[in-house]
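There are 2 protein chains.
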Amino acid sequence: MTVSKTAAVGPARPSRSARKESADAATESTALQMGELSELLGYSLKRAQLKIFEDFLRCVAPLQLTPAQFSVLLLLDKNPGRNQTEIATTLGILRPNFVAMLDGLESRDLCTRIRSANDRRSHILALTDKGRSVLARAKKLVAAKHEARLNELLGPANRAALLEMLATIAREF
Amino acid sequence: MTVSKTAAVGPARPSRSARKESADAATESTALQMGELSELLGYSLKRAQLKIFEDFLRCVAPLQLTPAQFSVLLLLDKNPGRNQTEIATTLGILRPNFVAMLDGLESRDLCTRIRSANDRRSHILALTDKGRSVLARAKKLVAAKHEARLNELLGPANRAALLEMLATIAREF
Numbered sequence: 102m103t104v105s106k107t108a109a110v111g112p113a114r115p116s117r118s119a120r121k122e123s124a125d126a127a128t129e130s131t132a133l134q135m136g137e138l139s140e141l142l143g144y145s146l147k148r149a150q151l152k153i154f155e156d157f158l159r160c161v162a163p164l165q166l167t168p169a170q171f172s173v174l175l176l177l178d179k180n181p182g183r184n185q186t187e188i189a190t191t192l193g194i195l196r197p198n199f200v201a202m203l204d205g206l207e208s209r210d211l212c213t214r215i216r217s218a219n220d221r222r223s224h225i226l227a228l229t230d231k232g233r234s235v236l237a238r239a240k241k242l243v244a245a246k247h248e249a250r251l252n253e254l255l256g257p258a259n260r261a262a263l264l265e266m267l268a269t270i271a272r273e274f
Numbered sequence: 102m103t104v105s106k107t108a109a110v111g112p113a114r115p116s117r118s119a120r121k122e123s124a125d126a127a128t129e130s131t132a133l134q135m136g137e138l139s140e141l142l143g144y145s146l147k148r149a150q151l152k153i154f155e156d157f158l159r160c161v162a163p164l165q166l167t168p169a170q171f172s173v174l175l176l177l178d179k180n181p182g183r184n185q186t187e188i189a190t191t192l193g194i195l196r197p198n199f200v201a202m203l204d205g206l207e208s209r210d211l212c213t214r215i216r217s218a219n220d221r222r223s224h225i226l227a228l229t230d231k232g233r234s235v236l237a238r239a240k241k242l243v244a245a246k247h248e249a250r251l252n253e254l255l256g257p258a259n260r261a262a263l264l265e266m267l268a269t270i271a272r273e274f
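Here the protein sequences line up with chains Y and X, keeping their order.
So my numbering is basically just the index in the first sequence, starting at one, shifted up by 101.
So my numbering is basically just the index in the second sequence, starting at one, shifted up by 101.
Keep in mind that the hints were calculated from the coordinates and are not lab data.
Certain hints may be false.
Copies of the same chain are indistinguishable here, so a pair counts whether it falls within one copy or spans any two.
With a cut-off of at most 35 Å between alpha-carbon atoms, the simulated DSBU-like pairs for lysine-lysine come out as follows [what the hints assert, rightly or not]:
| hint | residue 1 | residue 2 |
| --- | --- | --- |
| 1 | K179 | K152 |
| 2 | K231 | K179 |
| 3 | K152 | K246 |
| 4 | K240 | K179 |
| 5 | K152 | K231 |
| 6 | K152 | K241 |
Between the sequences and the hints, there should be enough to build the whole structure, so can you do that?
Shown next as C-alpha cells:
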C-alpha cells in the first residue's frame, strides 16, 4: 500500500480560487473539490432529499411527524381497509421498519391495527380520530410552509417538471 | 377512538378503474390511491433516489461499493490530505456512521487513516493504491451502465435540468 506524499503532509487549505470553484461544498471553511460528485444524479438526489426532509421536520415539528409517518397517515386516509403488507409495499418500506413505525403511531393513538376477519394473520390498518385530526393539521403545515417555500424557490413550472422527472425515474428506471 | 366501518370490513380490491388511476403505486396487485403523496416533492425525491441507489448497487456489484462509499473514494481522490471531519462534513455523513464506513473501507485496504502531524486528534484520510484502482473501475461501471441508462431515460437536456434543480434545493432550501 502506498500513500501519496500530499496525504501525509497535506495542504492546510486550498487556494482562494480553488475554494471558489467548489461552490457545491458544504461550507466555505471546509470547501473541497467535489469533482465527479456534482455530476452524479444519485448524489444530488440524496443531498436535495436530505434538505427537504430536514425542512419537513422543522415545518411539522409541532406535530412530531417524520416524512415517512406522514406518508403512512396520508395513505391510510385514502385507502381504508388495506392491510399492513399492502401499505408497506406501496411505500417501499421494509417490514421490520414498518412494524416499528406502526408501533410508534399506535402508541400515540394515531392509527390502529385490526386483525382481518378473512385472514387472521393479516392486519387491517386504520386511522383513529386523533390520527385524522393530526393528519389534517400536518397537511396544512406542509402546504403553508414546506411546499409553499419549495414553490417559491423553484417556481411552479420547474416544480412540476421536477416532479414529472422524479416520477419517471421511480416508475421506469 | 373510533374506526370507520370500512376499515373493519374493508373492500378486498379497488375497482379496475380505481387501480388504473393510481399509476404511481408499487405494483398492479397492490395499487392504492396515492392521493397527495404523488404531489409531495420529498416523497417523489425519496422514491427516485431509492431506485437510483438500487441500480447503482447492481451496476457496481462486482466491486461491492455502496453509493456513499463511492462518494468517499471520489472525494479522497480529489482532495488528498484532508481530514476525517472535513470529508464527513462535506458529504453530510454523521460522525458515527462515517467512522463505521471508514472501518469497512480500511479493512478492505481501500483507504487509510494517518494521524495528523499538526493535530494528533485529527486523522488525515488517503486512498491506497488498491482504493485508487477500485475507484477507477467503479467510475467506468457507473459511467457505462448507471449514468448511461439514466441519460437514455431522461435525455441529456432533462438530466441537466434535473441536476440543476437538485443543486438549487441542496444549496438554497
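Against the structure, the hints come out as follows:
1. K179 / K152: Classified as both: same-chain Cα gap 27 Å, cross-chain 24 Å, threshold 35 Å.
2. K231 / K179: This pair counts as within: shortest intra-copy Cα distance 16 Å, inter-copy 52 Å.
3. K152 / K246: both (14 Å within a copy, 28 Å between copies)
4. K240 / K179: within (13 Å within a copy, 43 Å between copies)
5. K152 / K231: both (29 Å within a copy, 34 Å between copies)
6. K152 / K241: Result: close both inside a copy and across copies, 20 Å intra and 29 Å inter.
Violated hints are absent here; each numbered hint is respected by the structure.
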